[in-house]
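Which chain is which? The protein sequence lines are A and B, in order.
Numbering follows the numbering used here, in which position 96 of the first sequence is assigned residue number 104; successive positions increment by one, without gaps.
Numbering follows the numbering used here, in which position 19 of the second sequence is assigned residue number 23; successive positions increment by one, without gaps.
Simulated from the structure, these hints should not be mistaken for laboratory data.
The structure displayed is predicted, hence computed values, not measured ones.
A few of these clues could be false.
What the hints assert, rightly or not - A partial selection of chain A residues facing chain B, derived with a Cβ cut-off under 10 Å:
| id | residue |
| --- | --- |
| 1 | ALA21 |
| 2 | VAL33 |
| 3 | THR49 |
| 4 | PHE50 |
| 5 | PHE130 |
Ideal placement from N, C-alpha and C gives every residue a C-beta, glycine not left out.
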Amino acid sequence: MSTTTTTESSELAPVRTDSLADLLVAKERPPRPSAWSASLTFGWRAILKIKHVPEQLFDVTAFPIMMVLMYTYLFGGALAGSPKEYIQFLLPGILVMSVVMITMYTGVSVNTDIEKGVFDRFRSLPIWRPSTMVGYLLGDALRYTLASLVMLTVGMILGYRADGGVVGVLAGIALLVLFSFAFSWIWTMFGLLLRTEKSVMGVSMMVIFPLTFLSNVFVDPRTMPGWLQAFVNNSPVTHLASAVRGLMAGDWPADEIAWTLGWAGLFVVVFGPITMRLYNRK
Amino acid sequence: MSTQSSGPAIETVGLVKTFGETRAVDGVDLTVPAGTVYGVLGPNGAGKTTTVKMLATLLRPDGGEARVFGHDVVREADEVRGRVSLTGQYASVDEDLTGTENLVLLARLLGHRKPAARTRAAQLLEAFGLTEAAGKQVKHYSGGMRRRIDIAASILSTPDLLFLDEPTTGLDPRSRNQVWDIVRAVVAQGTTVLLTTQYLDEADQLASRIAVIDRGKVIAEGTKGELKASVGAGSVHLRLRDADRRPLAADLLRRALDAQVQTEPDPVALTARLTTAASDDTAAEQAARALNELARAGITVDNFSLGQPSLDEVFLALTGHDTQQPQSGSDNAHDPKDEVAA
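When you get a sec, could you build the whole thing from the sequences and use the hints?
Spelled out as structure tokens, the structure:
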């Protein structure tokens with residue numbers, strides 16, 4: 009291995025200072041990219057990373073398949089008589105749960121990536137500052153979409169039928185991806201705030217498990233004790249699950265959609281600026 | 005480019021940065037003239053990188069002021085970012101991406117449209133001799149290739165000011181020379197370069213003015229000549245044809261020059277440290293006389309030079325400790341033993 013490196017360096021083509029000089033003469037700088045264009049460029053970076061390390065798609069393919077199969081057969085018989093009937097209720101919920109869970113990997117990858125050399129270069133560029141983080145989340149949005157489609161396919165094989173048709177399903181996924189994008193700002197904050205990957209993972213678990221399980225994903229909250237109902241009925245995950253379930257069933261659950269969008273807006277407004285503050289200080 | 009005035013590229017007054025109890029940068033005053041290579045020389049932990057990071061808007065100063073082309077690095081950070089580029093061990097490229105992808109990504113972030121970004125990336129890779137490696141992930145690059153791609157990434161748009169933070173640390177001599185060639189090419193096009201280094205010969209090779217930093221403070225500043233002259237006497241360096249004649253040569257020199265003569269690790273090399281400054285006529289006369297003596301004794305001299313002191317000697321004289329020595333306690337400077345050694 010080391011021998012190849014040495015040969016490589018000794019056979020390295022020389023620097024052509026004359027053509028370098030020609031390149032440097034052009035002094036004009038193009039106009040700065042817009043906020044959107046810079047964010048898209050960072051999104052492209054995220055996609056390139058997936059291209060080079062496709063293994064990182066494991067969490068948006070294998071994990072969601074496992075979630076659907078596991079909970080459908082684990083609870084199906086007991087809760088709805090049969091797995092086939094249960095999946096009709098479960099699929100939109102488990103979709104929400106899995107994708108919201110997957111968002112926590114954002115924190116871990118921000119945390120490991122920020123330590124790498126390239127971030128200081130990004131921070132020294134005259135670009136819209138949040139574009140680095142927005143680009144991250146745009147790349148992640150693609151992962152969320154992929155996870156949703158994988159789960160939907162598995163669900164349909166198991167017998168799930170969406171009454172909302174293609175439009176309802178797409179609207180549901182769009183809402184889910186939008187919410188996850190907004191929700192991920194919590195993780196970018198933790199990714200920048202906490203020092204190690206492990207602590208990011210630990211804190212993420214502490215947040216994500218209660219938040220996703222204490223919801224209406226698996227069962228109707230009416231069987232829960234009052235205090236828990238109060239939490240569950242007001243949880244953003246419950247609103248999201250209800251909205252996605254409604255959209256996929258062909259309804260238009262306007263107030264649930266509004267609640268979901270409200271929560272999404274709140275996450276961006278609160279955690280976006282905190283993330284950027286931490287990013288600028290790093 | 006139109007804003008390139010006659011003013012200095014960098015001006016700092018009393019720049020301070022503290023990390024907890026440590027004053028990493030402790031009142032640094034620098035004036036870097038535009039269009040030159042300015043060397044910031046100091047051992048590890050002297051505060052070089054912290055200073056560069058503040059000038060490149062990556063760190064906020066805790067005290068003092070810094071201006072880059074007249075723009076305050078805190079209040080007008082965006083203007084500063086539009087004029088400078090940074091290359092260091094920390095400000096590198098994305099290891100997971102290929103050389104081309106990295107350069108296209110950064111060119112896009114600088115505002116180049118996609119076709120222009122691709123062309124510029126390809127041209128730079130070509131000029132840096134990296135065309136063959138363009139499609140490989142940077143993590144598979146050798147050290148020399150890494151440094152080239154790092155610098156290429158910094159000149160996608162020709163910056164007015166380029167920070168090179170220890171650009172050759174860890175490189176083999178050949179790659180090092182190639183990086184130096186790149187730096188010279190960049191400067192020849194009018195870009196100001198702030199170069200930090202712990203290698204004295206690097207500053208000697210590239211920089212026109214040098215600031216020596218130690219423990220967060222500038223302890224000396226000036227042209228290379230001024231710095232060397234401040235240390236005093238120069239030295240005569242000799243290489244003999246025949247190693248056996250060295251003891252005799254050393255003896256002759258000692259008498260002719262009335263100087264301390266050191267034998268070098270190289271068995272044919274000798275160095276005589278003059279007591280008078282090398283720029284004095286007497287020094288040249290003394291040296292000529294010494295050569296004469298050697299010739300008369302039949303000792304063949306292959307190589308002879310009358311030189312100013314090396315920057316290593318300068319550093320030792322200025323700080324009381326040499327560059328290689330890791331810094332332990334901050335009161336070491338006042339250790340009487342050190343003063344004797346200096």
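Status of each hint after checking the structure:
no. : hint   : result
1   : ALA21  : holds (3 Å)
2   : VAL33  : holds (6 Å)
3   : THR49  : holds (5 Å)
4   : PHE50  : holds (8 Å)
5   : PHE130 : holds (7 Å)
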